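Here are the chains, one letter per residue:
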Amino acid sequence: DTEVTQTPKHLVMGMTNKKSLKCEQHMGHRAMYWYKQKAKKPPELMFVYSYEKLSINESVPSRFSPECPNSSLLNLHLHALQPEDSALYLCASSKQRGDNEQFFGPGTRLTVL
Amino acid sequence: QKEVEQDPGPLSVPEGAIVSLNCTYSNSAFQYFMWYRQYSRKGPELLMYTYSSGNKEDGRFTAQVDKSSKYISLFIRDSQPSDSATYLCAMPLGDRDDKIIFGKGTRLHILP
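Keeping their order, the protein sequence lines are chains A and B. First residue of the first sequence: 17, per the numbering used here; consecutive thereafter. First residue of the second sequence: 26, per the numbering used here; consecutive thereafter.
Errors might be hidden in some of the hints.
[What the hints assert, rightly or not] Residues on chain A that point at chain B, a partial pick, calculated with CB under 10 Å:
#1 V20
#2 R46
#3 A47
#4 Y49
#5 P59
#6 E60
#7 V64
#8 E68
#9 L106
#10 C107
#11 K111
#12 N116
#13 F119
#14 F120
#15 G121
#16 R125
Because the hints were derived from the structure by calculation, they are not lab data. Since we're looking at a predicted model, the values are computed, not measured. Each residue gets a CB set at the ideal place from its N, CA and C atoms; glycine is no exception.
Between the sequences and the hints, there should be enough to build the whole structure, so can you do that?
Here you go:
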C-alpha cells in the first residue's frame with residue numbers, strides 16, 4: 017500500500033459545528049503532516065507529528081486540534097471555524113521527520129458556512 | 026524577495042510540444058529540489074526529486090538544477106493532455122526542518 021487516504025473528500029460545516037478530518041497511511045511512515053491549501057496557492061504547513069508526538073505547530077489557531085492515535089492515523093478536529101478556514105486540507109507522510117520526500121493524500125475540501 | 030519564485034501561468038501549449046517549467050530561488054542553503062504535479066481538486070503528487078546540479082531523467086520528464094544560477098527547470102517531452110495540471114517546485118529548508126518552501130505553481134494546459 018503506497019498511498020495516503022483521507023476522509024471525507026468533501027465537508028460542509030457551520031461555524032458552530034464540530035467535525036473531524038481523518039488521514040491514514042500504511043507505508044510504515046513515522047512522520048505525518050497537515051497542510052492547508054487555498055485556491056491557486058501552494059500548500060501551507062500546519063502541523064507535524066513524529067512518532068505520534070506533535071513536533072511542529074505552525075502557529076495554527078486552537079480551533080484546529082490535531083491528534084495522532086497511532087502510527088497510521090492522523091486526525092484534525094475542527095471546532096468553531098470561520099468562513100476563511102474554507103480550503104483544501106492535505107495530509108502527507110514521510111518515512112521520518114526531516115525526510116524530504118513527503119507523500120500527499122487527495123485532500124478534504126472543507127467549506128465553512 | 027520571495028524565497029522561491031515561479032510564474033503562475035497559465036501556460037498553454039499544443040499536444041506533443043516540449044514544455045519548460047522554471048523556478049528561481051534565493052536561499053543558497055537549499056540542497057534538495059522537488060517537482061510536484063497537482064491535478065485540479067487533488068493532492069500534490071511527487072514527480073521528481075533531485076539533489077545535485079545537472080539533469081535527472083524519468084520517462085518524459087527531465088529535472089534540471091543549476092545551483093550557480095539558483096535556477097531549476099522541469100522539461101516535459103511529447104506533452105499529453107493528461108499532463109494538464111499545476112506544477113509546483115518545492116525546496117525543503119533542510120537540517121531536520123520539515124518545512125518545505127513551495128513555489129506558487131504553474132498551471133499548464135496541453136491543447137489537444
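Structure versus earlier hints - violations, ascending order:
2, 8, 11
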